[in-house]
Amino acid sequence: MPTLDQTRFGSLDYTDSDILTFTEGLIGFAHCQRFILVQTQSKGSFRWLQSIEEPKIAFLVVDPASYVRGYALEIEDDEAESLAIGPDTATLVLTTASIPPGRPQEMTINLAGPIVINADARTGRQLIVDNEACPAKHRVFEDGGSLAKAA
Amino acid sequence: MLVLTRKVHQSIIIGDEVEVVVLEVRGEQVRLGIRAPKNVAVHRKEIYDQILEENKESSQVRPEDVPE
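Line order of the protein sequences matches chains W and S.
Position 109, counted from 1, in the first sequence is what my numbering calls 109; the numbers after and before it change by one each time, with no gaps.
Position 56, counted from 1, in the second sequence is what my numbering calls 56; the numbers after and before it change by one each time, with no gaps.
Keep in mind the hints are simulated off the structure, nothing from the lab.
Okay, derived cross-link-like pairs now, SDA-like style, lysine to any residue, Cα gap no bigger than 20 Å in a straight line:
1. S:Lys45 <-> W:Leu127
2. W:Lys56 <-> S:Glu53
3. W:Lys137 <-> S:Glu46
Computed footprint of chain W on chain S, listed as stretches where at least three residues anywhere in the stretch have a Cβ under 8 Å from a Cβ of chain W:
4. 39-51
5. 55-67
For clarity, every value in this text was computed on a predicted model and none was experimentally measured.
From the three backbone atoms N, C-alpha and C, an ideal C-beta is built for every residue, glycine too.
Just chain W, with the same shape it has in the complex (with noise of 0.2 Å):
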């Protein structure tokens, strides 16, 4: 079973079957293209893309639906080739989440630049959205700093 040493998480054993091919790597990190999904809470909907080349580099993601209501992605007819999606595909969709450090009220996550996994294939890209009602910063909590999730 391979280990991941040196991440922030410490050491990392994982599987072949965890790992997550994004050919393109994400935007500005093309270099990374194996990650692994690594859930350091016990319960919590965040979870770390976890970069098997560059261990000390993770993306803290979130499932968009978690926070936005009614959220729905619309994958164009190529991008969803890209990735072989079809209508039966168990396909994943995340986003990145941003926290200035010590202000978790603050927390935004980007709308505009959506993970998403084919997670029959293990493969992944990350999409550009370019659409104002998906801002590359969406406020989470309403201004006041309840933690409270969209139903």
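Based on these hints, arrange chain S on the given structure of chain W.
Frame of chain W, contents of chain S only:
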């Protein structure tokens, strides 16, 4: 950076498969047409930069700040 000067309707070819055509120039705006294979993503740079920035920020989040 390679700098080329084009007139309206002239093109630039990048590699063998990407073509950028100047369609129209109106005042300060330049309308560009891009021909590229489906597997090549083409986007406005501003949004690309925003996403790059968010990726960087999400990789710098302190684990202790993540809500349960």
